[in-house]
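> What follows is each chain in one-letter form.
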Amino acid sequence: MTQNSSTSSDATGEILASLTKPPISRHTLALYCGASYDHNPMHVDLDFAREHGVDDVFAHGMLSMGYLGELLCRIAGPEDIRSFSVRFSAIVPVGAEITCTARHAGLVERQGETLTALDLLAVDADGATKLMGSALIAINGKNS
Amino acid sequence: MPKILDRSLIGKAFEPFDVMVEAGRLRLFAKATGNDDPVFTDEAVAKSRGYRSIPAPPTYVFTLEMERADPFDYLDLLEIDPGTILHGEQSFDYHQTVCAGDVLTFENVIADIYDKKNGALQFLVLETKVTDSQGAAVAEMRRSIVVR
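Protein sequences appear in the order of chains A and B. FYI, the numbering for the first sequence is 1 to 144, going by our numbering. FYI, the numbering for the second sequence is 1 to 148, going by our numbering.
The hints are simulated quantities; they were obtained by calculation from the structure and are not laboratory data. Hints should not be assumed to be uniformly reliable.
As the list claims (entries may be wrong) - Between beta-carbon pairs, the in silico distance windows are:
hint: 1; chain 1: A; residue 1: V94; chain 2: B; residue 2: F123; range: 25 to 31 Å
hint: 2; chain 1: B; residue 1: E15; chain 2: A; residue 2: D126; range: 42 to 48 Å
hint: 3; chain 1: A; residue 1: A90; chain 2: B; residue 2: E15; range: 32 to 38 Å
hint: 4; chain 1: A; residue 1: F48; chain 2: B; residue 2: G101; range: 33 to 39 Å
hint: 5; chain 1: B; residue 1: L77; chain 2: A; residue 2: E109; range: 37 to 43 Å
hint: 6; chain 1: B; residue 1: K3; chain 2: A; residue 2: V94; range: 26 to 32 Å
hint: 7; chain 1: B; residue 1: K3; chain 2: A; residue 2: H39; range: 20 to 26 Å
hint: 8; chain 1: B; residue 1: G34; chain 2: A; residue 2: N140; range: 27 to 33 Å
hint: 9; chain 1: A; residue 1: G13; chain 2: B; residue 2: R148; range: 34 to 40 Å
Since the structure is predicted, the reported quantities are computational estimates derived from the model, not experimental observations. Ideal Cβ positions, reconstructed from N, Cα and C, are used throughout, including at glycine.
Same shape as in the complex, but just chain B:
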């Protein structure tokens, strides 16, 4: 039975942080996911297809959110060991295309904490708001983490 998560942290908002979208990291991500479409690695190809720069593939905003010193800060706060978690659900809503060179702002909030099976499994829901340098909406993410 895992340690009971602190329900008083529902609604906890974390300090917003900025991340720059870098072409080199996009290229590594394309290699790691075995995606050989040159639009995701080649600036000239991206521009020829009408993008301002190399576009980010659909799940990349999740990676950008983790590009910081302590991407598990919300787990640390809840005293959750990363060795005990499973990714339960993930959703994205998109408002703009993300491209290399963009600087995005991320705001995380603990949206919910609950349990099932009389506490044998606990769940944490983290919501992330992603905005651009003008404060306009780029994307929203919602993740459900299962704590074994």
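Chain A with its partners taken away, still in its complex shape:
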């Protein structure tokens, strides 16, 4: 049930997949606001944002985490993902172009399964880190 078989070798430290999304426009933020059910006005209402001390609206953290999720689904199916976590390091502003990478971080035994650990990173076009995280996926022994 995996797709986009662009995985390379299983060596620890190797980048297994990467993905660059189009720059986040205000339209993107409006669509994601509606689609995500997170209607926090900080992401779409400029007046509200300015009343709360910021110059402009900014992206939902979960939009970028969604991009990392899309990256994971290029390596494995959603049914193979056992855990997925991130820290949101910096605000993602309008116009940000996010590149996500997943790097092989070794194998982990958990509840009778051999899982592949991944280090996840989302950076902007200048290389500034926006999200850092990790995932455990069950792809060992499967055709990738």
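Mind docking chain B on chain A? Use the hints.
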């Protein structure tokens, strides 16, 4: 300096609620996140790949939890203005694949409240247990919210 959050609310459990996973909303989410893999929008493609219906992408359980009248009820209870928060951390543990047609139950608990930098930043941790219609575990979520 933000209003000091009420530590007595640590451990506060909210009333469980149910959400149905709808194909139309999955399609909108795929559009909004720019994900053009047809498995996330097309029922026939999903079934041909062995899913019972369109599968939810990995972060979608977070969206499902917000699909209700007042998704910021825990912020309201703590008197936190949504204009003052930032998402600090987010984690998911998964036990089952979520698909269109599923009805999931969500239970939220305020797991922790603390501060750093002598109160200049406060943190709220909300944990969510997600179960299916049989009560079996589907996922757990843990979010850390920073209050500016």
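> Are there hints from earlier that the structure breaks, and if so, what are their numbers?
Per hint list: zero violations.
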